[in-house]
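**Q** Listed below are the residues making up each chain.
Number of protein chains: 2
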Amino acid sequence: MTDNKPGDIGLSPRLGSRKSYQKVNMDLIFLGTASAHPSPSRGVSGTVLRSEREAWLIDCGEGTQIQLMRSNVRPGRITKIFITHLHGDHSFGLPGLMCTLSAAFMDPDREGSIMHIYGPQGLRKYVRVSLELSRSELSYSYVVHELQVPDTEFPHDWETWKPSHEAEGSLHPNEKTGQAIFMTADGTYKLHEDDNFIIHAATISHRVPCFGYVFLEKPQPGRLDAEMLKARGIKPGPLYARIKAGHEIEAPDGSVIKPQDVVGPTRQGRKIVILGDTKESSRIIPIAMNADVLVHEATLADEHHDLCIGRGHSTPAMAGQFAAQIQCEHLVITHFSQRYYPLSHQGKEGDETVQKLLDQTRATFPGGKVTAAEDFLTISVPARR
Amino acid sequence: MTDNKPGDIGLSPRLGSRKSYQKVNMDLIFLGTASAHPSPSRGVSGTVLRSEREAWLIDCGEGTQIQLMRSNVRPGRITKIFITHLHGDHSFGLPGLMCTLSAAFMDPDREGSIMHIYGPQGLRKYVRVSLELSRSELSYSYVVHELQVPDTEFPHDWETWKPSHEAEGSLHPNEKTGQAIFMTADGTYKLHEDDNFIIHAATISHRVPCFGYVFLEKPQPGRLDAEMLKARGIKPGPLYARIKAGHEIEAPDGSVIKPQDVVGPTRQGRKIVILGDTKESSRIIPIAMNADVLVHEATLADEHHDLCIGRGHSTPAMAGQFAAQIQCEHLVITHFSQRYYPLSHQGKEGDETVQKLLDQTRATFPGGKVTAAEDFLTISVPARR
Numbered sequence: 092m093t094d095n096k097p098g099d100i101g102l103s104p105r106l107g108s109r110k111s112y113q114k115v116n117m118d119l120i121f122l123g124t125a126s127a128h129p130s131p132s133r134g135v136s137g138t139v140l141r142s143e144r145e146a147w148l149i150d151c152g153e154g155t156q157i158q159l160m161r162s163n164v165r166p167g168r169i170t171k172i173f174i175t176h177l178h179g180d181h182s183f184g185l186p187g188l189m190c191t192l193s194a195a196f197m198d199p200d201r202e203g204s205i206m207h208i209y210g211p212q213g214l215r216k217y218v219r220v221s222l223e224l225s226r227s228e229l230s231y232s233y234v235v236h237e238l239q240v241p242d243t244e245f246p247h248d249w250e251t252w253k254p255s256h257e258a259e260g261s262l263h264p265n266e267k268t269g270q271a272i273f274m275t276a277d278g279t280y281k282l283h284e285d286d287n288f289i290i291h292a293a294t295i296s297h298r299v300p301c302f303g304y305v306f307l308e309k310p311q312p313g314r315l316d317a318e319m320l321k322a323r324g325i326k327p328g329p330l331y332a333r334i335k336a337g338h339e340i341e342a343p344d345g346s347v348i349k350p351q352d353v354v355g356p357t358r359q360g361r362k363i364v365i366l367g368d369t370k371e372s373s374r375i376i377p378i379a380m381n382a383d384v385l386v387h388e389a390t391l392a393d394e395h396h397d398l399c400i401g402r403g404h405s406t407p408a409m410a411g412q413f414a415a416q417i418q419c420e421h422l423v424i425t426h427f428s429q430r431y432y433p434l435s436h437q438g439k440e441g442d443e444t445v446q447k448l449l450d451q452t453r454a455t456f457p458g459g460k461v462t463a464a465e466d467f468l469t470i471s472v473p474a475r476r
Numbered sequence: 092m093t094d095n096k097p098g099d100i101g102l103s104p105r106l107g108s109r110k111s112y113q114k115v116n117m118d119l120i121f122l123g124t125a126s127a128h129p130s131p132s133r134g135v136s137g138t139v140l141r142s143e144r145e146a147w148l149i150d151c152g153e154g155t156q157i158q159l160m161r162s163n164v165r166p167g168r169i170t171k172i173f174i175t176h177l178h179g180d181h182s183f184g185l186p187g188l189m190c191t192l193s194a195a196f197m198d199p200d201r202e203g204s205i206m207h208i209y210g211p212q213g214l215r216k217y218v219r220v221s222l223e224l225s226r227s228e229l230s231y232s233y234v235v236h237e238l239q240v241p242d243t244e245f246p247h248d249w250e251t252w253k254p255s256h257e258a259e260g261s262l263h264p265n266e267k268t269g270q271a272i273f274m275t276a277d278g279t280y281k282l283h284e285d286d287n288f289i290i291h292a293a294t295i296s297h298r299v300p301c302f303g304y305v306f307l308e309k310p311q312p313g314r315l316d317a318e319m320l321k322a323r324g325i326k327p328g329p330l331y332a333r334i335k336a337g338h339e340i341e342a343p344d345g346s347v348i349k350p351q352d353v354v355g356p357t358r359q360g361r362k363i364v365i366l367g368d369t370k371e372s373s374r375i376i377p378i379a380m381n382a383d384v385l386v387h388e389a390t391l392a393d394e395h396h397d398l399c400i401g402r403g404h405s406t407p408a409m410a411g412q413f414a415a416q417i418q419c420e421h422l423v424i425t426h427f428s429q430r431y432y433p434l435s436h437q438g439k440e441g442d443e444t445v446q447k448l449l450d451q452t453r454a455t456f457p458g459g460k461v462t463a464a465e466d467f468l469t470i471s472v473p474a475r476r
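So the protein sequences, as listed, match chains A and B.
Using the working numbering, you'd call the opening residue of the first sequence number 92 and step up by one each time.
Using the working numbering, you'd call the opening residue of the second sequence number 92 and step up by one each time.
In case anyone wonders, no lab produced these hints; they're calculated from the structure.
The structure presented is a predicted model; accordingly, all values stated were derived computationally and were not measured.
Some hints here could point you the wrong way.
[As the list claims (entries may be wrong)] A short list of chain A residues far from chain B (calculated; beta carbon distances all over 10 Å):
(1) 216
(2) 226
(3) 243
(4) 246
(5) 250
(6) 287
(7) 299
(8) 401
(9) 434
(10) 440
(11) 446
(12) 447
[Claimed, not checked] Residues on chain B that point at chain A, a partial pick, calculated with CB under 8 Å:
(13) 153
(14) 178
(15) 191
[Stated by the list, open to error] FRET-style restraints, in silico, Cβ to Cβ:
(16) 443(A) x 356(B): 51 to 61 Å
(17) 161(B) x 460(A): 29 to 39 Å
(18) 193(A) x 336(B): 50 to 60 Å
(19) 336(A) x 447(B): 26 to 36 Å
(20) 131(B) x 332(A): 50 to 60 Å
(21) 193(A) x 264(B): 33 to 43 Å
(22) 250(A) x 443(B): 33 to 43 Å
(23) 470(B) x 395(A): 36 to 46 Å
(24) 248(A) x 355(B): 41 to 51 Å
(25) 161(B) x 415(A): 36 to 46 Å
Beta carbons are placed, not taken as given, at the ideal position from N, Cα and C, and that holds for glycine.
All chains, full assembly: derive it from the sequences and hints.
**A** Following this line, the structure appears as structure tokens:
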């Protein structure tokens, strides 16, 4: 991570100004696909969205740091963490990961950078109390930004058992003051914007306040016709960047080359939508439309619809219908009840596997691409044409 | 767990009055043997002391619940948890385990029982905050008892970064009011006593308040000479229990059988000593003497003595010397730095394995039995003769 290869594009603060002629690879890596609790065969929720130089972690259930070590994701690349909700299978791995990252962050590339953590109210207190009581000091700074929800998002029994959400007392020694992020007029949240990405969120319905996150890549410059440039005598170099940025350049024969001659049309950026646990997600639809990839839970099969909804979860049909509604390209289902064995399971007659959930999902998303996540599955998100 | 086999002896509250003619099996099962953080090949601290019907967990680092599932310990048997100190590699797995045990505790044998958790000040707050913010309700009740330490046990920088230890606000819905356990005049703590065990603790020196736990089995009735009883016409039954309890009984021929005729001498109970992280453990010596098994950390090899002590840990020599000092039967070393590969490692020349730590330990505990723990190692603790 200390030498910049030609294809690198900078997404981290220190490298933000770097551009590239090459496409940016983008991968989704599933570290855990179980609901409720980890098992020897499946981790709990943790998903990585990785670009060339940065990795963002969405949820961090217990054992996510171990799954991360087993994956090909470099822990030191993680610069942002997004927690969908505070249920333990999505959050109990966070303090341990933060401690272990102290070693990964000895990486000189990370010097001066801050780990940004986003999630529901109460997350700041959970992190601070865990790190303080364990007396964990870190080799880096962190900040927790809390998404504020209206009272309607709290469970019906909130008033009878109302935990205090406020992180009280002094900041942790490695903590920076975080923001309170409020819902905007359109009912969504804007979390972050840099040269390459805009990140939004919206509430979805579960048993506790819960979010879906939308990662929108900004429009990408059109492809450069390098062959034509070479034919007109211009070798790869700074002029390539100049014309790609929209400026006319002069060829060695004195003729003018206009951007529209050699640069293709601007391409839409990719959109990745990752939902937390949900029984109903309509509020995120406006910002989730036309996603390249949608990650949606499908905890229990369609025949357990009422039980599933009662626990705040989705069936395969619900996942498929939502994918169809937002007209996404590729639906990935995850967060499977332990009763469904992995696809590779060779068991006895009658054992149910994730294949059942996959089949039920496909039935409600005809023509769409559907994949069942499994631990360590990596999905490439291709650049738009 | 619903039918009582003849060899069962009751340690759980509901079965406390059951006695047995047979010896009680007692095992130590190591669920994690790594220091600092878990890795794909080693879990962090978690050790089970298992008797016939109950299992006690000592420390619960992140992922302990997964290691437990991989072991042959039945999660539903766990009735008490002891935390040596609040560093994350000894405590971050506790909230997740408590949630997952909600399923295991559907076991009817557990109805009405309470999970007792013992550990340093701050543990109650950590558990309460974690369970409240994640809004985790349990299928059983729990109680946290905190061992109070004198000011001298706090680290030198405690005043400059002083986390609040107090669990404020209401109890968690499944929480019972815990005790504050104070040091007695001899510098130790008494945690628990039942028909079969007395459990003590003492502080040991680490970077934060830290404890070692001593599990002392009460004296066991001598062995019954069943052959002699049968020869005198008495078949197995209630009379066996009566004479074992010290009463004379009458044989079918009218003669009197005295206990000393058929019951061997009372045997000493077993003593198991499990220490948390330590750089110095003299305060536990009085209650640790003559242990059957001592579990002692040995994080770094002898040549890293100063570094090791500086971090609050022990070298193999320190472990061996302590074992010799308390004249224990069997020393088990654990809590190994990631730099030492497991014993089974077949690597390149120069790779260091736990064998090195084992050899160094043996050199300082000549004639004593020494074992290096590894994940899932089970050690039987034989009854005393």
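**Q** All hints, please: hold or fail.
**A** Evaluated hints:
1. Non-interface call for residue 216(A) relative to chain B: violated, since the shortest CB-CB distance, roughly 6 Å, does not exceed 10 Å.
2. Distance to chain B contradicts residue 226(A) as a non-interface residue, since its nearest Cβ pair spans about 5 Å, not more than 10 Å.
3. In this structure residue 243(A) is separated from chain B by more than 10 Å, as the shortest Cβ-Cβ distance comes to about 17 Å.
4. The non-interface label for residue 246(A) is inconsistent with chain B: the shortest C-beta to C-beta separation is roughly 7 Å, within 10 Å.
5. The Cβ of residue 250(A) sits about 13 Å from the closest Cβ of chain B, beyond the 10 Å cut-off, so the non-interface label holds.
6. Distance to chain B confirms residue 287(A) as a non-interface residue, since its nearest Cβ pair spans about 32 Å, more than 10 Å.
7. A Cβ of chain B approaches the Cβ of residue 299(A) within 10 Å, the least distance being about 5 Å, so the stated non-interface status is violated.
8. Every CB of chain B lies more than 10 Å from the CB of residue 401(A), the least distance being 15 Å, so the non-interface label holds.
9. A cut-off of 10 Å between C-beta atoms confirms that residue 434(A) is not in contact with chain B; the least separation is 21 Å.
10. Residue placement check: residue 440(A) keeps its beta carbon more than 10 Å from all beta carbons of chain B (closest about 25 Å).
11. Against the 10 Å criterion, residue 446(A) stays outside the reach of chain B, whose nearest CB is about 24 Å from its own CB.
12. With 10 Å as the threshold on Cβ separation, the claim that residue 447(A) sits away from chain B holds: the shortest Cβ distance comes to roughly 22 Å.
13. Because the smallest distance between the Cβ of residue 153(B) and any Cβ of chain A comes to about 4 Å, under 8 Å, the interface hint for this residue holds.
14. Contact between residue 178(B) and chain A, as hinted, is supported at the beta carbon level, the nearest pair being about 5 Å apart and thus within 8 Å.
15. Hint on residue 191(B) holds. Least Cβ distance to chain A is approximately 4 Å, under the 8 Å limit.
16. For residue 443(A) paired with residue 356(B), a C-beta distance near 58 Å keeps the hint of 51 to 61 Å intact.
17. Between residue 161(B) and residue 460(A) the CB atoms are about 35 Å apart, so this pair conforms to the stated range of 29 to 39 Å.
18. Distance hint check: the CB atoms of residue 193(A) and residue 336(B) are about 58 Å apart, consistent with the given range 50 to 60 Å.
19. Evaluation of the 26 to 36 Å hint for residue 336(A) and residue 447(B) yields a failure: the beta carbon distance comes to about 59 Å.
20. Against the hinted window of 50 to 60 Å, the Cβ-Cβ separation of residue 131(B) and residue 332(A) comes to about 42 Å, which falls outside the hint.
21. Between residue 193(A) and residue 264(B) the C-beta distance comes to about 35 Å, which sits within the given range of 33 to 43 Å.
22. For the pair residue 250(A) and residue 443(B), the supplied restraint of 33 to 43 Å is violated, since their beta-carbon distance comes to about 58 Å.
23. Between residue 470(B) and residue 395(A) the C-beta distance comes to about 43 Å, which sits within the given range of 36 to 46 Å.
24. Against the hinted window of 41 to 51 Å, the Cβ-Cβ separation of residue 248(A) and residue 355(B) comes to about 59 Å, which falls outside the hint.
25. Look at residue 161(B) against residue 415(A): about 40 Å separates their beta carbons, and that is inside 36 to 46 Å.
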